[in-house]
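In the order they appear, the protein sequences are chains A and B.
Residue numbers for the first sequence follow the working numbering, so the first one is 4 and each next one is one higher.
Residue numbers for the second sequence follow the working numbering, so the first one is 592 and each next one is one higher.
Worth flagging that the hints you see were computed from the coordinates, not collected in a lab.
Keep in mind that a hint or two might mislead.
[Unchecked claim] Chain A stretches covered by chain B per the calculated footprint, using a threshold of three residues with CB under 8 Å from any CB of chain B: (1) 68-77; (2) 101-113.
[Unchecked claim] From the structure, some residues in chain A lie toward chain B, with a derived Cβ separation under 10 Å: (3) Ile8; (4) Tyr38; (5) Glu86.
[As the list claims (entries may be wrong)] Here are the computed lysine to aspartate or glutamate pairs in the EDC-like style, where the Cα-Cα straight-line distance is at most 16 Å: (6) A/Lys71 - A/Asp60; (7) B/Lys645 - A/Glu104; (8) B/Lys646 - A/Glu104; (9) A/Lys81 - A/Glu104; (10) A/Lys81 - A/Glu14; (11) B/Lys659 - B/Glu606.
In this text the structure is predicted, and so the values were computed from the model without any measurement.
Idealized CB from N, CA, C, for every residue including glycine.
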Amino acid sequence: DAGVIQSPRHEVTEMGQEVTLRCKPISGHNSLFWYRQTMMRGLELLIYFNNNVPIDDSGMPEDRFSAKMPNASFSTLKIQPSEPRDSAVYFCASSLELGAEAFFGQGTRLTVV
Amino acid sequence: KNEVEQSPQNLTAQEGEFITINCSYSVGISALHWLQQHPGGGIVSLFMLSSGKKKHGRLIATINIQEKHSSLHITASHPRDSAVYICAVRTGNQFYFGTGTSLTVIP
Numbered sequence: 004d005a006g007v008i009q010s011p012r013h014e015v016t017e018m019g020q021e022v023t024l025r026c027k028p029i030s031g032h033n034s035l036f037w038y039r040q041t042m043m044r045g046l047e048l049l050i051y052f053n054n055n056v057p058i059d060d061s062g063m064p065e066d067r068f069s070a071k072m073p074n075a076s077f078s079t080l081k082i083q084p085s086e087p088r089d090s091a092v093y094f095c096a097s098s099l100e101l102g103a104e105a106f107f108g109q110g111t112r113l114t115v116v
Numbered sequence: 592k593n594e595v596e597q598s599p600q601n602l603t604a605q606e607g608e609f610i611t612i613n614c615s616y617s618v619g620i621s622a623l624h625w626l627q628q629h630p631g632g633g634i635v636s637l638f639m640l641s642s643g644k645k646k647h648g649r650l651i652a653t654i655n656i657q658e659k660h661s662s663l664h665i666t667a668s669h670p671r672d673s674a675v676y677i678c679a680v681r682t683g684n685q686f687y688f689g690t691g692t693s694l695t696v697i698p
């Protein structure tokens with residue numbers, strides 16, 4: 004298995020633009036997590052899904068952020084409109100089930116200018 | 592106050608030394624995770640614990656539920672162990688993260 008695949012690896016966008024980050028979890032994994040990492044705040048959990056259903060989105064910072072998981076093999080994290088303070092590395096992770104060890108993607112480095 | 596506290600924040604060791612990184616938490620947990628983040632940025636899950644001790648190669652993780660404390664030990668440290676080690680706990684639907692311990696192992 005190729006592991007958790009995120010795209011793009013790097014994204015540079017202008018303030019106000021819509022940004023969509025993509026994640027393909029490991030096949031057979033039922034839980035998917037979106038994290039954000041910044042120097043100031045460290046690693047934060049934004050939202051996670053179990054069996055494609057959002058379980059907890061209390062980490063999503065604002066209404067500008069939304070996440071979907073239309074099927075077991077794909078998830079998106081969208082920021083609209085983007086702001087410079089959204090600049091961070093966004094990680095996606097998946098696990099066999101909730102509570103099991105999580106496997107991380109390589110991350111998407113987002114820069115909003 | 593942070594729900595998860597790690598110590599030390601930074602650690603430099605000579606190759607071969609035994610290393611201990613500590614994690615204390617203030618909430619009741621269902622599981623505790625140790626993550627490793629290499630200088631390139633990739634994150635790897637090392638351990639998931641809910642009790643006792645786990646060992647993988649030169650890495651050992653222990654947890655004391657009563658004391659709300661976990662330790663990550665590295666035996667015979669090597670320069671390739673240089674990374675940031677992050678402690679994370681899960682309580683109900685919430686996840687809390689430590690700020691990480693930056694480890695540098697010098698040859």
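Here is what the structure says about each hint:
Chain B is given as covering the segment 68-77 of chain A, and this is violated because 0 residues of the stretch bring a CB closer than 8 Å to a CB of that chain, at least three being needed. Given as covered by chain B, the segment 101-113 of chain A passes the check, having 9 residues with a CB less than 8 Å from a CB of that chain where 3 are the minimum. With a cut of 10 Å, the hint placing A/Ile8 at the interface with chain B is violated, because the nearest CB-to-CB distance is about 13 Å. Because the beta carbon of A/Tyr38 sits about 8 Å from the nearest beta carbon in chain B, less than 10 Å, this interface hint is met.
Hint status for A/Glu86 relative to chain B: violated, with the closest Cβ pair at about 22 Å, above 10 Å. At most 16 Å may separate the alpha-carbon atoms for a hinted pair to count; A/Lys71 and A/Asp60 meet this at roughly 11 Å. Of the supplied pair hints, the one linking B/Lys645 and A/Glu104 holds, its CA atoms being roughly 13 Å apart against a limit of 16 Å. A threshold of 16 Å between alpha carbons decides the hint, and for B/Lys646 with A/Glu104 the separation of about 15 Å falls inside it, so the pair holds.
Taking the CA atoms of A/Lys81 and A/Glu104, the gap is about 25 Å. The hint is violated against a cut of 16 Å. Distance check on the hinted pair: A/Lys81 and A/Glu14 sit about 13 Å apart at the alpha-carbon level, within 16 Å; holds. Between B/Lys659 and B/Glu606 the alpha-carbon distance is near 30 Å, which puts this suggested pair outside the 16 Å criterion.
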